[in-house]
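Combine the two chains into a complex, taking the hints into account.
Sequence order for the protein chains is A and B. The opening position of the first sequence corresponds to residue 1 in the numbering used here, with each subsequent residue numbered one higher. The opening position of the second sequence corresponds to residue 235 in the numbering used here, with each subsequent residue numbered one higher.
Treat the hints with care, since some could be wrong.
Stated by the list, open to error - Distance windows between CB atoms, simulated:
hint : chain 1 : residue 1 : chain 2 : residue 2 : range
1    : B       : N541      : A       : S64       : 41 to 49 Å
2    : A       : R79       : B       : A281      : 55 to 63 Å
3    : B       : V624      : A       : K198      : 41 to 49 Å
4    : B       : I238      : A       : N232      : 24 to 32 Å
As the list claims (entries may be wrong) - With a straight-line Cα cutoff of 20 Å, these simulated EDC-like cross-link-like pairs (lysine to aspartate or glutamate) come out:
hint : chain 1 : residue 1 : chain 2 : residue 2
5    : A       : K129      : B       : E239
6    : B       : K382      : B       : E449
7    : B       : K350      : B       : E400
8    : A       : K124      : B       : E239
9    : A       : K89       : B       : E400
10   : A       : K129      : A       : E199
As the list claims (entries may be wrong) - To be clear about the criterion: a stretch of chain A counts as covered by chain B if any three or more of its residues have a C-beta under 8 Å from a C-beta of chain B, and this derived list gives those stretches:
hint : stretch
11   : 8-16
12   : 73-86
13   : 93-101
Rather than coming from a laboratory, the hints here were simulated on the basis of the structure. These numbers were taken from a predicted model, which means no experiment stands behind them. All residues carry an ideal CB built from backbone N, CA and C; glycine is no exception.
Take a look at the letters that make up each chain.
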Amino acid sequence: MERRAVIETRDLSKVYGAGDTRVAAVDGISIRIERGEFIAVMGPSGSGKSTLMYILGCLATPSSGKYFLDGEDASNMNRRELAFIRSRKIGFIFQSYNLLARTTALRNVTLPLLYNRSLRSEAKTSDTKARRLLELVGLGDRLHHEPHELSGGQQQRVAIARALINDPVMIIADEPTGNLDSHSGEEVMRILQDLHRKEVTIVMVTHNPRIASEATRSIHLSDGRIADIVQNGK
Amino acid sequence: MNPIEILRVSWEAIGRNKIRSILTMLGIIIGVAAVIIMVAISAGTEATIQENITGLGSNLIFVSSNFSRSGPPGMMMAGSSGGLVFDDAAAIAEEVDGVSAVVVEQTSSQTVKAGKTSLEEISIQGTTSGFPAVRDMKMATGRYFNEKEVDQKTKVAVLGSTLAEELFGAANPIGQVISVGSIKLTVIGVLAEKGTVGEIDYDSRLYTPITVIFEKFIDSPFARIRGDSVRMIYVKVSDTEAIDHIILQIKLLLAKRHETTLNDLDVTITTQQDVITAQGSTTSAFRSLLGWVAGVSLLVGGIGIMNIMLVSVTERTREIGIRQAVGATPSDILLQFLTEALLLSVVGGILGMLVGFGGSWIFSQASAMRTVVSPASILLAFGSAAVVGVFFGFYPASKAAQLEPIEALRYE
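Just chain B, with the same shape it has in the complex (with noise of 0.2 Å):
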């Protein structure tokens, strides 16, 4: 027989009973379909994932204190310190080797009037000239503010492009004065557009010196003893391969300063490739409970296919001592029934895929989340259905090639 005429006479065996057909396939189209949506869920994370890393510019170390900026540093206990302060910036500048940059942030949260545009819950963030180097931020225009307007608290904006555009529309926003909380900065620069990065909006943001960050916003108490405290230092280092020496020499300077040691030490440090790591374990962890569902739903899927096609075995004994009487073999009616299992775990792959695509694409248009439909997934879904198709069918057709055909002729 050849194999076209086996795949015709499966084709109307499955389409004699629609109905079982499609609930049979429903397990193999339902584990095809999860395959492809969670491969595409988390392809779509990773890739977003991979593109903030890249966005956080390269070579970085972030150095963060263990408080939140809202709470009392100098409060915890003695012996503590009240975290990172602006002075620890120079100090890791001046006595750590290796290091190109460092730059230091502290934030705020306020209203921006810009003429008749108010704007609430802005985020000002007060950073160091070196800032947009460190952050591989470029200006679209005008310029950022450089370390003497830092040393001199120049009350000066440099506007990130969304915020530009929602207080001035078309307009040039440079010369401009706004006021934010109760001062007013004048803009000298726009940059160019950053997107989202981790969970920051950097296009929305408004940059400022952080020395008038610190003079105009933040409430510090302990300034004048301490120092001015900040949320977090950027160093950059100019050679990779010396991270992690670098890390430890920012770690040791920090415990002599905050006097305190090494474990106890209230600042934490991540790198990049932390930050990697971190993400790509979680997304490799839901992998791998993806992998089980679509797993186990293939299972159920293939058992369901054995079952119906033994279903079917018995339904069509006549038909099959009918074949065997006219001429068919062992292996005809084997091949025969197996083509059936195949055709049906096939068909349901190829439903399951379009589930798939349209489960994806309707995910990403109803979540935030991006999919990213990999071919890697769409093989290994539809592999796995023909294997499973193959791998049940087997049995009830070896039953089927296995009927005498006398007793199957005699089948009522």
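With the rest of the complex left out, here is chain A (with noise of 0.2 Å):
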């Protein structure tokens, strides 16, 4: 069955500094990434992987190439368009959480929705939402937490129902377990598990072997190319 692509990237370049001092961070990277993949990019610090994955993401933009996000070109957008994009089509998880201090659980779930044009909704039902989502991730219990009474992994959980407020088209996520122990860990990543087999897209960069194997392609990179890629039999 013909799957519809959710990443299509054409010789993506990104170049950092000029002449003598000219990196290419990454260099000629196409890829794609269908519907309810759950890829893991792979690779030694300093092989790109970041930097693919904030052109992914929207953070940034190619050098040169082409880069569409279900559909979108998204290889020349202002910074405005890129929020936007990121608004209605991407969800992050980062490895150091990222929530707001001082905000609760609740209200740093919501926290898209305040910037999402087309998501904008009554408070109640963006409430009713995000009540929904914390209880998806088992902490139906800690709405009203703020993030410095909840332990690491419950805050990367938070993080999750963050990224998945306002129905993205891809979830990424970004050493996510890299910041906490392997007990919780394993609940971050069983919660992954259950988003893919909801066919939610998910992009994970990770540099830990045994955390890439539960994605169904790992792609490895070195020196800013694809270097490999894997299929881990699904």
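Rendered as structure tokens:
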């Protein structure tokens, strides 16, 4: 069955500096990721996986090449357009959670809705949705806790709920278990697996092979190029 | 992001650093309070002046001696005379056109006794019969002395309302005999309340024919030669348009009578208009000074806001990154920080207004000065606070908006 591509890149490059100091962090990457895939992007530090993630996450634009997200050309967007597309189509999960301090779990989860022009809804319905998502990640009893009152694993689960609130076409996870103990890490991975089963597209950057093995495909980067793509038997 | 959300987030951000926010607002608070208090004081002063001027009576020219009344008239340099004398008034009334009334005034200070009540240092004002008409004063009871009584040096007195009450309380003073200095006067009337005009409390004075003053209280050794000296001549004109012409005529007449030239004239002539202009220009100078004070403190307040907003943007770089990652556009961020700066200055403005009200009230209680808080000053102070907020908030806000999301997210 033909699946629709969520991500399609053609000869994507990102170059920093000029002349002698010119460095191609991403150097001609062409990939296609389909709806519902769970992709792990691997590689040693400096391999360009962070840069690739920023481009795929619409936090940066490529120096050359094309990037289509959900059929939309995001290669040459300005900052405002990038913000719009992030707001509509992408959910982020960061290694360091990046929750707003002194803000309750519920408010952290509804944060993206403040900036979402298409999903702008009544406070009541967005609260209901945020509550449901927090219950989904097992934090139904922590709605009004602030980040400092939550464990690392709990904070990361709040971040997952936040990433889901705008019904994104793709979730980008940057080392989601990097700061967590193994137990919390497993819990986070279990939630990601659940989401994967619900056909949520996930792109996860990691250097941990054991974590990467949970994805359907692993893309290995080296010096900004794709070194290897491993199909994890699904 | 809708405006209510922006306001809520801004309010929370300000509330998180209460002390810092209040210290930041201090400049604005002081500036706005200064504007309101100062305008209130100058408006109060102006209102008092205005009332005084209306209280002076209309269409008046004041002719006063250049010498103090206690000074020795006639002892001056040869060629210059001893100032105004009683006959000058009569001459003005007769020879100058367009004059509807002329009243003279001379004062003395005496101890006044009525029964067992004794009051020291009461101003005894000697006038002529036209005084109440010229100065717009009304009688409460009894009557004012007439021309005949002035001519005959009749020993009568008319009391100011306060003085009457102090001497007689609720009793009827008409017909009572009071002693003033060494002589006795019969009370024939009490004036209606007039209030304090200029610096003179007309209600606490005693009025008697000016001839009585000349004979009993003023030691005027040259009176036989030159006539009795008077402190002031009030000239009421019938037509305000002609006032400049009338002043010139009075000057020429007095120069001739005093055997001097226009330039060396020993009298000063002022009109109500002069008084209004002089006091008006004092107030406006005062006002522009206050304007500068307020302007400078608002400027300093604005710089304070800019400073703290720059600190805030740096401190919250990570937060900005997070907001950008979840979809905040540069203009969302700009608006957020601009609103915060505006909120700081507007809340500062409101606090400043309260301080201004309180300060004006305290000032009016603590001193005799009146204060009038004008709506225009509130609007002005508040408006400038808001302008300051937007102006000084813009640079930090645009700095926040220009942050790169990736850099901001990495910021520790």
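**Unmet hints by their number, sorted upward, for this structure** = The structure conflicts with hints 4, 9 and 11, although it agrees with all the remaining ones.
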